[in-house]
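Protein chains in written order, with this note's numbering: chain A, 877 to 1262; chain B, 281 to 682.
Don't read these hints as lab results, they were simulated from the structure.
Fair warning: there could be bad hints in the mix.
As the list claims (entries may be wrong) - As a list, the in silico DSSO-like pairs of lysine-lysine whose alpha-carbon atoms are at most 30 Å apart: (1) K1246(A) / K400(B); (2) K923(A) / K1160(A); (3) K966(A) / K1046(A); (4) K1160(A) / K640(B); (5) K299(B) / K426(B).
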Amino acid sequence: MFVYLDNSATTRVIPQVAEVMTKTMTEDFGNPSSLYRMGVNAEKILKQARLNVARAINASPDEVFFTACGTESDATVLQGVWESRNKQGKRIITTAVEHPAILRNCEYLQQKGADVVYLPVKPDCTFDMDAFKAALTEDTILVSVMHVNNESGSIMPIEEIRREVNKVNKNILLHTDAVQSFEKVDTDVKKLGVDFMSISGHKVHAAKGVGALYIKNGLHIRPFLMGGGQEKGFRSGTENMPGIAGLGEAVRVAEENKAQRIAKIAEVRSYLLDLIKANIPDIKINSPEICAPSVLNISFLGCRGEVLLHTLEQDEIYVSTGSACSSHKKGSHVLTAMGLSQEEIEGAVRFSFSEENTKEQMDFVCEKLKAAVESQRRLRSAFKRR
Amino acid sequence: MENIFIVRCGETALKGQNKPYFERMLVQRIKKNLKDMDGVSVDRADGLIFVRTPQEIPQEDTLKRVGRVFGVDSISPAKEIEIKGMEAEEALTAVGKVAVDYMLEIIEERGIKTFKVEAKRADKTFPVESPQIGKIMGAKILKGCKVLRVDVHNPDCALYVNVRRDYAYVYEKKIAGFGGLPLGTNGRGMVLLSGGIDSPVAAFMMAHRGMYIEAVHFHSYPYTSERAWEKVRDLAGILTDYCGKIRIFSINLLPIQEQIVQNCPEDETTILVRRFMMRIAEQIAKREGDLMLITGESLGQVASQTAASLVVTDAAVSLPVMRPLIAMDKTEIMDRAREIGTFETSIQPFEDCCTVFLPKHPVTQPKLERIVESESRLDVEALVNAAVESAEISVITQRSDV
């Protein structure tokens, strides 16, 4: 049975999206900048996709800019805000559990003179509000906190962060990397109170190579790519039409019955969690109580996650781990920041869900997982006992 | 017009009566390395090999490919001058003109100041003797290239003039090959290829002495990743540039490791696994007609490579075990790996078979009797046979695009 449980890494492109993309490549392949009708058609497609994304996050279409990926959106915000605002202050606040797209850019800005604060997280990977309040200064220029953590599934309280920010200085900009939360939890930009939000296409059943960035009306930051002036001069380069049209379609489908769809993901997730709890002893649940419906992180003590991964892949079950077996690579920075022990990090497995997963699949997964864990533990204890 | 290269075949020239055989093999290998280039010819004459390629093919490509052929001592791009039917003076004038033009090119390119001429009269019927040819050429170059001085001891450029029947050749800059002996002149060996730095170098060094290579690779899937297997295939791919086609027998050792872990002392795990690897490799080697086993072991590098451990390992098999790296330091081995081009691939961090089930304190001075006693708790023959039968074979063919 093919069971894909690595939807936080990437998702399957759904047929509706593939169809729209094919059409955009083979029939409606015009360049939106062209003056003749084909160009106008392309522009319509672009407009519709932008509208779909805008509606999904409760933004206005002119606040949505298409990019190549979540990483580009993140880098644009961090470097753009730094360039526009570093005269007003040097402080940037983020967390220790961000995606490398944020962390590497922050390290780069540190070299440029930024005073970056990496907030710790609580042991369940939730936001440490006290640490945040302590770090927040009036001359902070940017707060960038991911919405949902990709490894643990923890949800960061962006609304509350906004409130705290406003108490100190309403001009402080707030960015959230919503790559893992988009279409899984509520990403209403008005409710969240963000100025920038990063989105990626391939985590929501669209293709790789397309992303979006929400920029609140009236805000100006330096463009990342300069050239032909596409995306109102903010993101030059001929639009990735198949990717963008596909993202628009993926969002349309996801929005159709959003509440039911998310409820189904959550149900399958909690079904697997209960199965594992009932059948496999000596585990540690690393995901917090209140968690995104799409992520479940568990450490199987006395096991190596990567060996479990390779064992499961033989049955066409695909999961991911918090650390690779190899001694040359370090374990996950997220699990490390959560204060997990070496054994817990080594044994961590991340299951990440989409609406395509079923309870029937979870029965199969739990059965195979139990066997894999037991065989590994048996071998390990034999090795230790001698 | 075509490019001409003169290839010297070092040691192969010393092989007495076998000389024609080695030369033929070498010509064959060079042809093979150039087989996807059109309009190439490879011929031998009086101990030299002449490679001719169409002018469109960049010289560097030919140099690189011929340079990788074992048995090639050096290569030089050469200028050819037809002197058929010419009187000696006329011939030397023609050669001198080419020599001067060639030197002018080199001055332009590298700004050299000093030179010497080394002349050779391969055609003994040519009426001017070698030293005299050298003198005449030197004078012509001095006249034609005013900036140059002669320096016979430490010249910026040594120009070779080789007068043969019908043709003369002018060339400089001998680009060194790897030397050694042409592939196929020394049978075939089975290397234990891990994915680390050492074993590809060991395979290279044996191939360098004319031995065809095939490989056995051990993994412990799912305790190792499929990426580790990909890495081994990549390494073999790099080796094929030198060794030609390589077959890899890939074997999952996990069933054997499980038995060892459950039945034998922990500190003997590594040496026991090592003996199993040798037995499995030997059984396949014998079946396939390979003459020797080859490993990348270096004395004392790790616990399983102490002298005592190697004695115990060798005792598991009857085929000779070649260890070309045995007395090399790690840094030397790494330098060789860089030279061959396997280093960057070898250091990719995927766990290979050897580091799974690593005991805390592996035995470094194993006693054969103790090890044999431990093995008596296992059905060695059945385990080895099962492993040999389970081998998956991949054929890595020579890349032609590099």
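Tested hints:
no. : hint               : in the structure
1   : K1246(A) / K400(B) : violated (79 Å)
2   : K923(A) / K1160(A) : violated (47 Å)
3   : K966(A) / K1046(A) : holds (16 Å)
4   : K1160(A) / K640(B) : holds (27 Å)
5   : K299(B) / K426(B)  : violated (44 Å)
When each numbered hint is compared with the structure, violations occur for hints 1, 2 and 5.
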